[in-house]
Amino acid sequence: MNGEQALLRLGASTSEAVQGVLQMFSPDGVNPGSVRVVPPDQSPFSDATFPAIAADVSYVDGVTGGNVMVIGLEGARRLAAAMMGMDPMTVEAGGELSELEFSAVGEAMNQMMSAAAMATSKVLDEEVEIAPPDVRQLDSPDAGGEGWEHPGHATAVTFTFCGAPCLLVQLVPNAFIVRMTRALDEMTESHDDAPLGDALRDISVRVWAELGRTRMPSGRIVALPSGAVVELDRAVEAPIDLYADGMRFATGRLVVSDDGGLAVRIETVLGASSPTSPTPPDPTPMEVAV
Numbered sequence: 001m002n003g004e005q006a007l008l009r010l011g012a013s014t015s016e017a018v019q020g021v022l023q024m025f026s027p028d029g030v031n032p033g034s035v036r037v038v039p040p041d042q043s044p045f046s047d048a049t050f051p052a053i054a055a056d057v058s059y060v061d062g063v064t065g066g067n068v069m070v071i072g073l074e075g076a077r078r079l080a081a082a083m084m085g086m087d088p089m090t091v092e093a094g095g096e097l098s099e100l101e102f103s104a105v106g107e108a109m110n111q112m113m114s115a116a117a118m119a120t121s122k123v124l125d126e127e128v129e130i131a132p133p134d135v136r137q138l139d140s141p142d143a144g145g146e147g148w149e150h151p152g153h154a155t156a157v158t159f160t161f162c163g164a165p166c167l168l169v170q171l172v173p174n175a176f177i178v179r180m181t182r183a184l185d186e187m188t189e190s191h192d193d194a195p196l197g198d199a200l201r202d203i204s205v206r207v208w209a210e211l212g213r214t215r216m217p218s219g220r221i222v223a224l225p226s227g228a229v230v231e232l233d234r235a236v237e238a239p240i241d242l243y244a245d246g247m248r249f250a251t252g253r254l255v256v257s258d259d260g261g262l263a264v265r266i267e268t269v270l271g272a273s274s275p276t277s278p279t280p281p282d283p284t285p286m287e288v289a290v
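Its first residue numbered 1, the sequence shown is counted upward by one per residue in the working numbering.
In short, the hints are calculated from the structure, not lab data.
Quantities reported herein were computed from a predicted structural model and do not represent experimental measurements.
Each residue gets a CB set at the ideal place from its N, CA and C atoms; glycine is no exception.
Errors might be hidden in some of the hints.
List of simulated lysine to aspartate or glutamate pairs, DMTMM-like, C-alpha gap at most 25 Å [to be verified]: (1) K122 to D139; (2) K122 to E107; (3) K122 to E4; (4) K122 to D258.
What follows is a set of in silico ranges between Cβ atoms, one per label pair, in the way DEER data are often shown [unchecked claim]: (5) V205 to N31: 17 to 23 Å; (6) T214 to G20: 19 to 25 Å; (7) R220 to N2: 31 to 37 Å.
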């Protein structure tokens with residue numbers, strides 16, 4: 001496993017952990033995104049929306065780097081509303097964040113940063129010590145300070161919470177890359193040189209396809225008659241997302257299988273290739289029944 005693959009694996013794990021915390025407050029409010037590796041000459045925060053509420057934690061085991069979560073003010077107010085049992089979509093745009101709302105968002109940010117640190121520890125297969133999360137309101141990424149500087153390796157994933165943009169950035173020290181590649185290689189090692197051992201191959205995971213989503217009041221849902229048409233947030237020709245145990249891993253197209261059932265023809269496996277990887281031969285398209 002090379003450094004870029006290790007970074008993508010780390011970014012996917014921490015992103016899933018953070019989004020899992022947000023789903024506790026709004027189960028259908030998180031629209032996941034894909035992880036990208038940020039080159040050293042680019043800012044990991046170029047996709048962030050400011051002014052924003054930002055939470056960052058630093059590693060304290062002698063290396064630089066850490067995790068940073070950025071959510072715009074409107075998204076922060078929607079998060080606070082969801083935590084207080086209100087409908088986050090009723091939050092009007094342009095308002096200020098009250099002291100009570102800031103406190104609620106700060107608590108959620110602390111949970112997200114703790115989940116991200118635990119995910120990092122799991123990938124590295126060793127405990128990672130972090131400083132207490134620093135939650136603050138910022139007007140620009142420049143206000144983040146030295147702790148937000150690119151350490152040479154970084155990942156970024158953009159996603160939305162109740163329609164509001166969020167950004168999760170991991171500033172990864174080189175020492176972690178070495179530990180991570182070693183840990184992940186050991187996890188996939190087997191005596192017959194197969195990429196995965198038989199024990200891992202037999203583990204069942206839940207796979208599903210998502211054609212699209214929509215939001216509507218619960219009162220309207222229970223009143224839907226038989227035969228009602230519900231519009232989704234995706235065009236007919238748009239690709240379908242495929243998930244394995246909550247992680248989006250591929251996109252494809254809906255097809256009818258030979259026995260008349262539904263299936264998905266996989267077109268893109270996320271994170272399966274990189275600019276430095278050789279171009280594989282034309283494969284036979286995979287089909288996953290859903």
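Okay, the hints, checked on the actual structure:
1. Between K122 and D139, the direct Cα distance comes to roughly 33 Å. Violation of the 25 Å bound is thereby established for this hinted pair.
2. Among the hinted pairs, K122 with E107 is consistent with the structure: their alpha-carbon atoms are about 23 Å apart, no more than 25 Å.
3. Between K122 and E4 the CA atoms are separated by roughly 18 Å; this keeps the pair inside 25 Å, and the hint holds.
4. Annotation: proposed proximity of K122 to D258 is violated, straight-line Cα distance about 42 Å (limit 25 Å).
5. Roughly 21 Å separates the CB atoms of V205 and N31, a value that falls within the hinted 17 to 23 Å.
6. Remark: the range hint 19 to 25 Å for T214 to G20 is upheld by a beta-carbon distance near 22 Å.
7. Between R220 and N2 the CB atoms are about 50 Å apart, so this pair departs from the stated range of 31 to 37 Å.
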